[in-house]
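Take our numbering: the final residue in the sequence shown is number 241, and no numbers are missing along the way.
Because the hints were derived from the structure by calculation, they are not lab data. From a predicted model like this one, the values you see are computed outputs, not experimental measurements. Mixed in with the good hints there might be a few duds.
[Claimed, not checked] Under the rule of at most 30 Å between Cα atoms (straight-line distance), these lysine-lysine pairs were calculated in the DSSO-like manner: (1) K9 - K79; (2) K64 - K226; (3) K26 - K79; (4) K30 - K176; (5) K49 - K79; (6) K9 - K26; (7) K9 - K136; (8) K79 - K176; (9) K49 - K30.
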Amino acid sequence: MGQYRLEDKEFGTMIVATRKGMRSVKTCVKNGIIVLHVPEGIGYANLLKILDDNRVWLRQLLAKNEATRLRYHAGQSFKCLGGYNITIGTQHTLPGKVVFGNSETGNMYINLPQDADFDSERTTSLISRCLKMLAKRIAPQVLIPYAEEVATEVGAKPWRFVIGSGLHKLGHCTPKGEIQLSFNLMFLPDHLARFIILHELAHLTHFNHSPQFHALLNRYCNGEEKRLDTELKHFPWPVKL
Numbered sequence: 001m002g003q004y005r006l007e008d009k010e011f012g013t014m015i016v017a018t019r020k021g022m023r024s025v026k027t028c029v030k031n032g033i034i035v036l037h038v039p040e041g042i043g044y045a046n047l048l049k050i051l052d053d054n055r056v057w058l059r060q061l062l063a064k065n066e067a068t069r070l071r072y073h074a075g076q077s078f079k080c081l082g083g084y085n086i087t088i089g090t091q092h093t094l095p096g097k098v099v100f101g102n103s104e105t106g107n108m109y110i111n112l113p114q115d116a117d118f119d120s121e122r123t124t125s126l127i128s129r130c131l132k133m134l135a136k137r138i139a140p141q142v143l144i145p146y147a148e149e150v151a152t153e154v155g156a157k158p159w160r161f162v163i164g165s166g167l168h169k170l171g172h173c174t175p176k177g178e179i180q181l182s183f184n185l186m187f188l189p190d191h192l193a194r195f196i197i198l199h200e201l202a203h204l205t206h207f208n209h210s211p212q213f214h215a216l217l218n219r220y221c222n223g224e225e226k227r228l229d230t231e232l233k234h235f236p237w238p239v240k241l
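Given these sequences and hints, build the entire structure.
Okay, here's the thing in structure tokens:
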């Protein structure tokens, strides 16, 4: 697999990644830059033609990426499960350093250098990583007791709960009855975190996604499974997943 840069009059710098065995061109946006995954050996003239033929679609792709791009700013605060808050700020005593942790009041903070560029992708990625580290730090003491409480409410008996680091898979139930919950649940409102926990608890009875499974989950959710599932799919995550 090879990779090179392509300068375009409209889109600026683009990344072209060649891959053996590909039959078509695939496109994505990474850090605000268009990345073209193309078959190995594709000619330069053909590549330019593909680019010109798809300019309208590429504009739409960039616009969608910009509309959904994470944006942070000083003074921004995020609520987490357990009543915690994470606040983003700036500091001037340690130039070039990012300071994060727990304040004296028990809340958490991420303080960037005073001259930090909040519009840069680098700063965005840095803040996202810090948010995850803080959430992961407190997840065991918040998520596990909460999940145990939910299990007791519905009469489910998992073997145990453990904290995981899933970014796309927020929960998992093993055949032995161990339920893994991603620390990223810390960023969800209470009712959506509860929904994921209930989803995994339903797998203790039905280790699949059969109609019986959904019937049980819907009962656990007081008839709100579909609405909660839709809300979760559209949840605006404050971190990069």
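Structure-based check of all given hints:
1. With a C-alpha separation of about 43 Å, the suggested pairing of K9 with K79 is violated against the 30 Å cut-off.
2. Pair hint K64 plus K226 holds up; C-alpha atoms about 26 Å apart against a cutoff of 30 Å.
3. Proximity of K26 to K79 is assessed by CA-CA distance (about 37 Å); at most 30 Å being required, the pair is judged violated.
4. In summary, the hint linking K30 to K176 is not supported, as the alpha carbons are separated by about 39 Å, beyond the 30 Å threshold.
5. Only pairs whose Cα atoms come within 30 Å are accepted, and K49 paired with K79 is rejected, the gap being roughly 48 Å.
6. A hinted pair counts as satisfied when its Cα atoms are at most 30 Å apart, and K9 with K26 qualifies at roughly 20 Å.
7. For the hint linking K9 to K136, the alpha-carbon distance of about 43 Å lies beyond 30 Å, and the restraint is violated.
8. In summary, the hint linking K79 to K176 is not supported, as the alpha carbons are separated by about 33 Å, beyond the 30 Å threshold.
9. The hinted pair formed by K49 and K30 meets the criterion: a straight-line CA distance of about 22 Å does not exceed 30 Å.
When the structure is compared with the earlier hints, violations turn up for hints 1, 3, 4, 5, 7 and 8 and for no others.
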